[in-house]
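Protein chains in written order, with this note's numbering: chain D, 1 to 448; chain G, 1001 to 1097.
The hints are simulated quantities; they were obtained by calculation from the structure and are not laboratory data. Treat the hints with care, since some could be wrong.
[Said to hold, decoys possible] Here are some chain G residues pointing at chain D (derived, C-beta under 8 angstroms): (1) 1004; (2) 1009; (3) 1015; (4) 1049; (5) 1053.
[Unchecked claim] Listed below are the simulated SDA-like cross-link pairs for lysine to any residue, each with C-alpha atoms no more than 20 angstroms apart in a straight line: (6) D:165 <-> G:1070; (7) D:40 <-> G:1093; (8) D:51 <-> D:78; (9) G:1029 <-> D:390; (10) D:40 <-> G:1050; (11) D:165 <-> D:40; (12) D:5 <-> G:1019; (13) D:40 <-> G:1053; (14) D:357 <-> D:378; (15) D:57 <-> G:1016; (16) D:5 <-> G:1020; (17) D:51 <-> G:1015; (18) D:42 <-> D:53; (19) D:165 <-> G:1079; (20) D:51 <-> G:1025; (21) D:40 <-> G:1040; (22) D:101 <-> G:1004; (23) D:40 <-> G:1069; (24) G:1029 <-> G:1076; (25) D:165 <-> G:1069; (26) D:5 <-> G:1039; (27) D:42 <-> G:1023; (28) D:42 <-> G:1059; (29) D:5 <-> G:1012; (30) D:51 <-> G:1020; (31) D:51 <-> G:1046; (32) D:5 <-> G:1076; (33) D:51 <-> G:1091; (34) G:1029 <-> D:46; (35) D:40 <-> G:1047; (36) D:42 <-> G:1095; (37) D:42 <-> G:1029; (38) D:51 <-> G:1023; (39) D:343 <-> D:390; (40) D:5 <-> G:1036.
Glycine included, C-beta positions come from ideal geometry on N, C-alpha and C.
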Amino acid sequence: MGVVKNAVAGLGFDQDAPMVTFPIDVFLIESDLTPVEGGKQKFIDGLLDWKPAADTKGIRNAEMIDLDVDDYESAVVKTNNLFLTNLWADGLPVIPPTADKIDWILQGTDRPRDEHIGKFMPRGGIVTVETCAISLAMSGGRPEYLPVLLAAVETILQPEMDHDKWQSTSGMTFPVIVVNGPIAKDIRINSGFGLMGPNPQAPAGGSIGRAVRLMQQNVGGALPGTGTMAIFGAMRYTNAVIAEAEDVLPDGWEPHATEWHSIERGTNSVSVFVATGGSNVIRRGTGKETLEVEAEDSLRRVATYMQTANPHYIRGWTDGSAGAVIISPVVAKQLAQLGWTKKKVREFLWEHTKIDKKTVIDSGLEQWIRASTDPVAQAADIDPWPISKRPDGIMLLVAGGAHPTHNFWLQGNALTVGKCLVETPSGWKGLLEQADRDIGCADDLCII
Amino acid sequence: MTNLDVFDPTGAIEITQLHAARLDGLDGKRVGIISNDEWQAHRTLPLVTEILQRDFSDVEIIPPDQFPFGNDQIDSDDTVAAAKANKVDAIIMGNAA
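Put together the whole structure using the sequences plus the hints.
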């Protein structure tokens, strides 16, 4: 029901619609349809008698909320209680988004606070620079995180990202935000050990990702069970916000942003795609084999994780991505020394992840392929079936701790991979210096 | 006791369209059925059609095959065009789950 209310709100209607609802059982294969018969009058009422709540057009602003508080502690408690009651929080503590806090966060941009960025679907809530700052404040963010958050949100709201679909789907879809450029290190987004978090030495990714998640819920309407049908949730409160370890890329291995988006190395940017889960893959051998054998065996092992009859591959098959393999810098260096280029790794994975026709048919994947729109429908007859149209549909990211034992596979549901350059404010240097004073220096020399 | 003002994090909403007025009856009306072909729509929507026709013998049901059909297909201006071309007075669309 909430999904439909959000959907109509996203189309510009009030958040309500005449609908007839039934328990999920009615919608399953070979279900008993007796309840539909019983709902006859509701169908008739929907056509003849239903009355909407809104009878005028226009903007409905979100108003400031006035709380009576005794001290700092009661302010935090009352804000959190209110936000949970209103379904605006996520179960973790939120920082009260006061006017002073938002003004502080807004130091992270020179853009006007009321600048309209877009509408977050399916609810259609209006996103402004201030809206982003509010969520970043709630999630414990800092002003220097705001430029990356703004770029990430702008990317998510690009029409080709199709975010209204993955916001409300039953799958475990979440945005992955990959940051390239020096800003990652400057503001402490993780590219090393503990890549996916948490890491108190690289806290920015968690705050930024949580701010995105809060906006998905509060502005976009993705409330579990009503606004989003994600059966198992979104895997994490913080989405995935990571940086590529650009400064240790092997020679000839270009940064992700350069490869995918033709963005010049050293430019601050975000790249965003939708994933549905991740797998940690033990890649290392037992140490008795040669390096060459270990390298190839490990890629085959990664391929076995990727080689699944997963209908999510269909979404990104032509122009998007099957997902991202994350390779630690140590492993990337070894592979490069053995002559593996990124292109060679991709081609190897693409060949070894093809799925034979019998499996495509027996798993029901063929039905999904044929139900999709062209040109993927033509692909159902390809035998064996590749998980993406071309090898470059598989992303490779170099990140993670300097340890050879594991790779990581981020399963994609990625119609496209979006991008946006990151814009920093005129007072950027001062913000970074203040961050060093507040939470310790970000320089490599300071990292344990 | 003091006042603390906090921002509502949900953002503004813009209502740009109002829902269509309801019908004054179903007899003599044309009701379009649009299917996203999901969640047993191929079973529920024919049943809805049958239910309406049983009580309103003069209602004309325009079936799903007169409109774009399927989840990706109905999300387009072609659906609006088909509704206009079929001169429908109302639409029932399903299924969402």
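- Hint numbers not upheld by this structure, sorted from lowest to highest: 4, 5, 8, 9, 11, 23, 24 and 31
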